[in-house]
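Engineer: Dock chain B against chain A, hints included.
There are 2 protein chains.
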Amino acid sequence: MNDTFLKACRGEKTDYTPIWIMRQAGRYLPDYQKVRGKVDFLTLCKTPELAAEVTIQPVDILKVDAAILFSDILIPVEAMGVHLEFHEKKGPVLTPARDENVIKKLSVPDPEDKMKFVMDTIRLLRKELAGKAPLIGFSGAPFTTATYMIEGGTSKNFLNTKRMIFQSPELYGSLMDKITATVTEYLKAQIAAGAQAVQLFDTWGGIFSPSDFREYALSYVIRVIADLRKWLKAENISVPIIYFVGETAGLLEEISTSGADVYGIDWRINLDDAVKRLGGNAIVQGNLDPLALFLPQNRMEQRVKDILERASSARGHIFNLGHGVVPETPPENVIALVDMVHRLSKR
Amino acid sequence: MNDTFLKACRGEKTDYTPIWIMRQAGRYLPDYQKVRGKVDFLTLCKTPELAAEVTIQPVDILKVDAAILFSDILIPVEAMGVHLEFHEKKGPVLTPARDENVIKKLSVPDPEDKMKFVMDTIRLLRKELAGKAPLIGFSGAPFTTATYMIEGGTSKNFLNTKRMIFQSPELYGSLMDKITATVTEYLKAQIAAGAQAVQLFDTWGGIFSPSDFREYALSYVIRVIADLRKWLKAENISVPIIYFVGETAGLLEEISTSGADVYGIDWRINLDDAVKRLGGNAIVQGNLDPLALFLPQNRMEQRVKDILERASSARGHIFNLGHGVVPETPPENVIALVDMVHRLSKR
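Protein sequence lines, in the order shown, are assigned to chains A and B. Just so we're aligned: the first sequence equals residues 1 to 347 in the working numbering. Just so we're aligned: the second sequence equals residues 1 to 347 in the working numbering.
Okay, chain A solo, but in the shape it has when bound (with noise of 0.2 Å):
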């Protein structure tokens, strides 16, 4: 049983770094793009067996020390009731959620109901790791899921987000309260199903400012994290809570408010300069830039030193990039990554 990973969310001593890569399952593995030339991308989630498999290929391929489960932040937000298409170029495009009359008719799903699929993935995926590696769940976190809402798909300055959040505080604070509702009850069924850890994704809430950043996107987490520990107290689980937000560096004293276990740190900051800014006994997770996996190894080695050395004032450390890798990016470069952090991290 690989533990590694576990045992580096708890802060307990490890033989070696444990890592795993954003977005690892994905477009840059030749055996994913198998499995996803047979099926559309929502079909891909939807269907227990292939998001296993997907799920599990990186584990084999690469030998990260965590799976994370094959699944897409949306899957919840359709589940509440908005129509939701994936297009190859322009990525998901959802039916906007911004006037009183939409949000008012979204529901707070049954996760064992409408995505019965990713509980019956995770239970699925228990058995094939067979303990080979952790499996870690996810949700978005609830404002980077309300912004995909409010703007109908990606955004590049998320007008119709803060024009909602700054004119119309209340209906923005509705639409909240029934996405933090829905990734509550979404993150307890993925780990009630077995999910052995779980991530929250707050890809966009580096589009704020720190107070704003407090104001409409922590707060929420704050309110999932402090119900899911609650839950886990009363079931006598122990699951750790990892978050991650894009573009930390300025946000960095709020986010370590989150109470979450592990916080995910994106490149643009030193380690160790974010574990100060987290209040110096922090666990942390990167925070490799995506783009460094296209280095000569040799040039890539002195970074995992570096991130390595920098990651020792940590009380804990498990190596990933600071971003999801891209589609671009040549799979033996991560796999030689995987083995340069094993390696170099042996204690």
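I should point out that these hints are in silico values taken from the structure, not numbers from a laboratory. Some clues are possibly wrong.
As the list claims (entries may be wrong) - Computed Cβ-Cβ distance ranges for the label pairs, DEER-style:
| id | chain 1 | residue 1 | chain 2 | residue 2 | range |
| --- | --- | --- | --- | --- | --- |
| 1 | A | Lys132 | B | Pro169 | 35 to 43 Å |
| 2 | A | Arg27 | B | Phe41 | 30 to 38 Å |
| 3 | B | Thr154 | A | Asp177 | 48 to 56 Å |
| 4 | B | Lys105 | A | Arg27 | 31 to 39 Å |
| 5 | B | Val93 | A | Asn298 | 35 to 43 Å |
| 6 | B | Pro30 | A | Asp306 | 45 to 53 Å |
| 7 | B | Arg343 | A | Glu12 | 19 to 27 Å |
| 8 | A | Gln167 | B | Arg27 | 37 to 45 Å |
Unchecked claim - List time: in silico DSSO-like cross-link candidates among lysine-lysine, alpha-carbon distance up to 27 Å:
| id | chain 1 | residue 1 | chain 2 | residue 2 |
| --- | --- | --- | --- | --- |
| 9 | B | Lys89 | A | Lys156 |
| 10 | B | Lys127 | A | Lys156 |
| 11 | A | Lys90 | B | Lys156 |
| 12 | A | Lys89 | B | Lys34 |
| 13 | A | Lys89 | B | Lys156 |
| 14 | B | Lys89 | A | Lys89 |
Each residue gets a CB set at the ideal place from its N, CA and C atoms; glycine is no exception.
Structural biologist: This is chain B only, laid out in the frame that chain A set:
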């Protein structure tokens, strides 16, 4: 003569905090739209009478304390020999400069030859502004300029740029040498024509880790500024140099070594924190979230007060947004902001 802006740039006491707005001459202003309706974007940039007209508009309408030359950061790129077009939807489209053959052919243009229209605009503006407000010239910083050249336009993750940097550092260096020389000569020409301050825009500098930022973006800015300082001294001219980087929070310690007089700060970090990270004795420009212009006035006023208070730890402060004003912004809110800053900062 309104010299409040220039005084603040020099760290001198002012009666109130000066303000100007990035992209203040732009699409949110009906007066701009009227001029722009007559000609395409590049023609507007290249016709001194029209470029001067839209440069002055915000001084008259908003009562800002500085005018900034209306132009585009890709003007020197075209002058270097790159084919440039602007598409209404896609924005700028350039012939990508990724190969040695293409980069070898690029020239370092004589600004008074290939970009004479810019200097003509500046000369005209100094007459027409007649002391109403000082005139800021500008250029893209070398790295941000390079991204457009390498990507052939805007980009999401700057894959081509980082791939060149990480895999062909010498090729990148040879491109950057030419851009750095071009930017330096361009700014000298603007100052010689009458620009009373200059701003270097490193909008995309925030895509780097701190050490990559230093090596691949900042080192070239340091060269531009050192060259400019030597020339300014020889010419016996005093012109403040402003350095703006997008998403600065993790990079401020690096940025503080640029040699600039004033640092443009985005809204993702509190201004007092930014001042501290810059070394405590900095002059700063910023840092309201551009989308805060959608707030009701009483809540916008709270933010203005907060920024003015946090700025009190700086050696000097010029109020600005943390990025350009967006086209959807109601002009009356921008007018209100300028009035608020003047009123609330009155000493």
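Engineer: Now tell me if each hint is right for this structure.
Structural biologist: We went through each hint and held it up to the structure:
Take lysine 132(A) and proline 169(B): their Cβ atoms lie about 39 Å apart, and the range 35 to 43 Å holds. Between arginine 27(A) and phenylalanine 41(B) the CB atoms are about 36 Å apart, so this pair conforms to the stated range of 30 to 38 Å. A C-beta distance of roughly 36 Å is found between threonine 154(B) and aspartate 177(A), which places it outside the suggested range of 48 to 56 Å. The hint said 31 to 39 Å for the Cβ distance between lysine 105(B) and arginine 27(A), and at roughly 35 Å that hint holds.
Separation of valine 93(B) from asparagine 298(A) is about 37 Å and conforms to the stated range, judged on CB atoms against 35 to 43 Å. In this structure the supplied range 45 to 53 Å holds for proline 30(B) paired with aspartate 306(A), their Cβ-Cβ distance being about 52 Å. For the hinted restraint 19 to 27 Å between arginine 343(B) and glutamate 12(A), the CB-CB distance of approximately 57 Å leaves it violated. At roughly 20 Å, the beta carbons of glutamine 167(A) and arginine 27(B) sit outside the given window of 37 to 45 Å.
For the hint pairing lysine 89(B) with lysine 156(A), the CA-to-CA distance comes to about 13 Å; that is within 27 Å, so the pair holds. At roughly 38 Å between alpha-carbon atoms, lysine 127(B) and lysine 156(A) are farther apart than 27 Å, so this suggested pair is violated. Restraint check: the Cα-Cα separation between lysine 90(A) and lysine 156(B) comes to about 13 Å, which is no more than 27 Å; the hinted pair holds. A distance of roughly 35 Å separates the Cα atoms of lysine 89(A) and lysine 34(B); the hinted pair therefore is violated under the 27 Å criterion.
At most 27 Å may separate the alpha-carbon atoms for a hinted pair to count; lysine 89(A) and lysine 156(B) meet this at roughly 13 Å. Of the supplied pair hints, the one linking lysine 89(B) and lysine 89(A) holds, its CA atoms being roughly 16 Å apart against a limit of 27 Å.
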